[in-house]
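Colleague: Take a look at the letters that make up each chain.
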Amino acid sequence: MSAILEVKNVTRRFAGLVAVSDISFTLGKNEILGVIGPNGAGKTTLVSLISGTLRPTSGEIFFEGSRITHLAAYRRARLGIGRTFQIMRPFPGLSVLDNVAVGALFGHGSGESDLAKAREKARAQLDVVGLGKFASQRAEELGGPNRKRLELAKALAMQPKVLLCDEVMAGLNLVEIDEVIEVLRKIRASGISILVIEHVIKAIKKLSDRLLVLHHGNKIADGPPDAVLSNSEVIEAYLGSRRA
Amino acid sequence: MTASRLGVVVAVVVVVAVLAALPLFSSDVIIQFGINALLLAVLAQGWNIIGGYTGYASFGNSVFYGLGSYGVAIAMVQWNLPFGVGMIFGAALAVAFAFLLGVPVLRLKGHYFAIATLGLAQVMSAIVSNIGIAGQNIGLVLPPLNNDHLFYELSLGLLVIATLTVFWLTRSRFGFGLIAIRENEEGASVMGVNTTLYKVLAFALSGVFTALAGGIHAYWITFLDPESAFDISLNVKMIIMAVFGGPGTVLGPVLGAFVLSAVSEILSSKVTNLAGLFFGVVVVAAVVLMPRGVADVMRQFRRTGWRYFAENLRAHRI
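So the protein sequences, as listed, match chains F and U.
Under this note's numbering, the first residue of the first sequence carries the number 369, and numbering increases by one thereafter.
Under this note's numbering, the first residue of the second sequence carries the number 3, and numbering increases by one thereafter.
In isolation and in its complexed conformation, chain F is listed as follows (with noise of 0.2 Å):
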């Protein structure tokens, strides 16, 4: 599998803190990587390094061959990477379509610039994340689950070609958890590479293809789920260690 996306000895740090330490890893083509670790790991950093909102204090990152590391975040919507928040982020004034359309008229190639193929385009997103009902609320009315559902439909409207998932299901119930991994099931099969974040050990395992594991900011493991699960530092690090 060829990777899409490549992250190099990538660290950050505010003032004192090391929120990710000489983090390597990549993504491959279609491929479902998890990200798992506890509470201030770094998991959202690191997406928001590779999305753009943030810039990395050393280590390079690389998006289909080319060096994207000190890119601007618009320029990087554009050239394909498409994320959601873990703390949604709406544009509340907006209905829920034209959050959606936000998308399609701008994100990947920069996007659509009529206004009425881009609502066209966004409907469908919409319908693809079971919003299609909502599409004349105007955001700020939407409860929880369906505002992770937002996040995901304006991100997908962008037609990216990685998506960075940052908790999309935290705060789900079983149910709408099982709806989500479908979703981004579907979403793969369109020829998407997703990174997701995720609290949730058991939805991820059932979901991702390899598992990424950071803690305090180190990565700490990287392979197939089940042999990560089993790894006795990721353990430790979930469950502290069993005797000091």
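No wet-lab data here; the hints were simulated from the structure.
Bear in mind that the values here come from a model prediction, so they are computed numbers and not experimental data.
Among the clues, some could well be false.
Selected chain U positions facing chain F (Cβ under 7 Å, derived; list incomplete) [to be verified]:
| id | residue |
| --- | --- |
| 1 | A13 |
| 2 | R175 |
| 3 | F178 |
| 4 | E188 |
| 5 | S191 |
| 6 | G194 |
Away from chain F, derived, C-beta distances all over 10 Å, residues of chain U [what the hints assert, rightly or not]:
| id | residue |
| --- | --- |
| 7 | R7 |
| 8 | I90 |
| 9 | F225 |
Think of the CB as a built atom: it goes at the ideal place given N, C-alpha and C, for glycine as much as any other residue.
Let chain F serve as the given structure and place chain U on it in line with the hints.
Modeller: Okay, now just chain U, sitting in the frame of chain F:
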């Protein structure tokens, strides 16, 4: 086009036609009031682009106004150029200023942006006071043109163009980018909006209309000095009018400018001394009872009735 939309379009066309014909059958006083109100409406509409649609509460728009005024004055007085060329010169100055200062200042958000722009007019006033070609702190006297009908129609034309531009914003990719920036700037940038460029372009567009209004005003009044050209209270006025009418709507700021101009005119002719106080009361009441402006009241009133005001009152916890 839905029936209600068609109704709005027809109503707007009729209002513009009536306004255009107004000078034919009204007194000089009314025409002069009209020129002032129309120019204020242009300023409110110009502010609407950067403040209402992009979400950057600019206190620097009076700089654009001053640059437009001085553009016309310098071109006409010092270089003997026609008025039209002066207007273009003034607008060009505004665009240059928007790019030069917009790039650093638009990096700031919220209150920081407001405060940074608050200083700009003061600085420009001081700079212009020391420029020979701008008449230093004495100012410039323009060649008088005694044709209020012309100034009236020019102002009306400019307001129509500004409003059509804002209408275009609401259905263009560019306008959607601006709204996305207002609603959530980081969210907009990761979706592919070139936020820096869009903000500067919005600032410049806002500046062009403001400068053109300043240019018309300067030629009409025939005199300008640094203090009145870069007057910060004018900036406050345009914000109040836009917010009163409904920021981020196409017709709200125009409505706000007309209503408040009329109120302020009536108050200052009837109660003179207390006019300022009454004006303040009107503004406070508006902010408390209808924080999203007249435009929102008109949209919601049919559904909610008088409850609309009660609910806003409650939302303020008064």
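Colleague: Given a cut of 7 Å on the nearest C-beta pair, is the interface hint for E188/U held or broken against chain F?
Modeller: holds, 6 Å
Colleague: Would the stated hint for S191/U survive a check requiring a Cβ distance to chain F of less than 7 Å?
Modeller: holds, 4 Å
Colleague: Against chain F, does R7/U hold up as non-interface, every C-beta pair farther apart than 10 Å?
Modeller: Answer for R7/U: holds, closest chain F Cβ roughly 15 Å.
Colleague: Would you check whether G194/U satisfies its interface hint, that is, whether its CB is within less than 7 Å of any CB in chain F?
Modeller: Interface hint status for G194/U: holds (3 Å vs cutoff 7 Å).
Colleague: Determine whether the non-interface label on I90/U survives the test: each CB of chain F must be over 10 Å from its CB.
Modeller: Nearest chain F Cβ is 29 Å from I90/U, so the label holds.
Colleague: Restraint: A13/U near chain F, CB-CB cut 7 Å. Satisfied or not?
Modeller: For A13/U, the interface hint is violated, since the closest Cβ of chain F sits about 24 Å away, which is over 7 Å.
Colleague: So, as I understand it, the hint says R175/U touches chain F; can you test that by seeing if any CB pair is closer than 7 Å?
Modeller: With a minimum Cβ separation of about 5 Å from chain F (threshold 7 Å), the hint on R175/U holds.
Colleague: Does the claim that F225/U lies off the interface hold, with its Cβ farther than 10 Å from every Cβ of chain F?
Modeller: holds, 43 Å
Colleague: Let me know if the C-beta of F178/U comes in closer than 7 Å to any C-beta of chain F, holds or violated.
Modeller: holds, 5 Å
Hint compliance for this structure: hint 1 is the single one not met.
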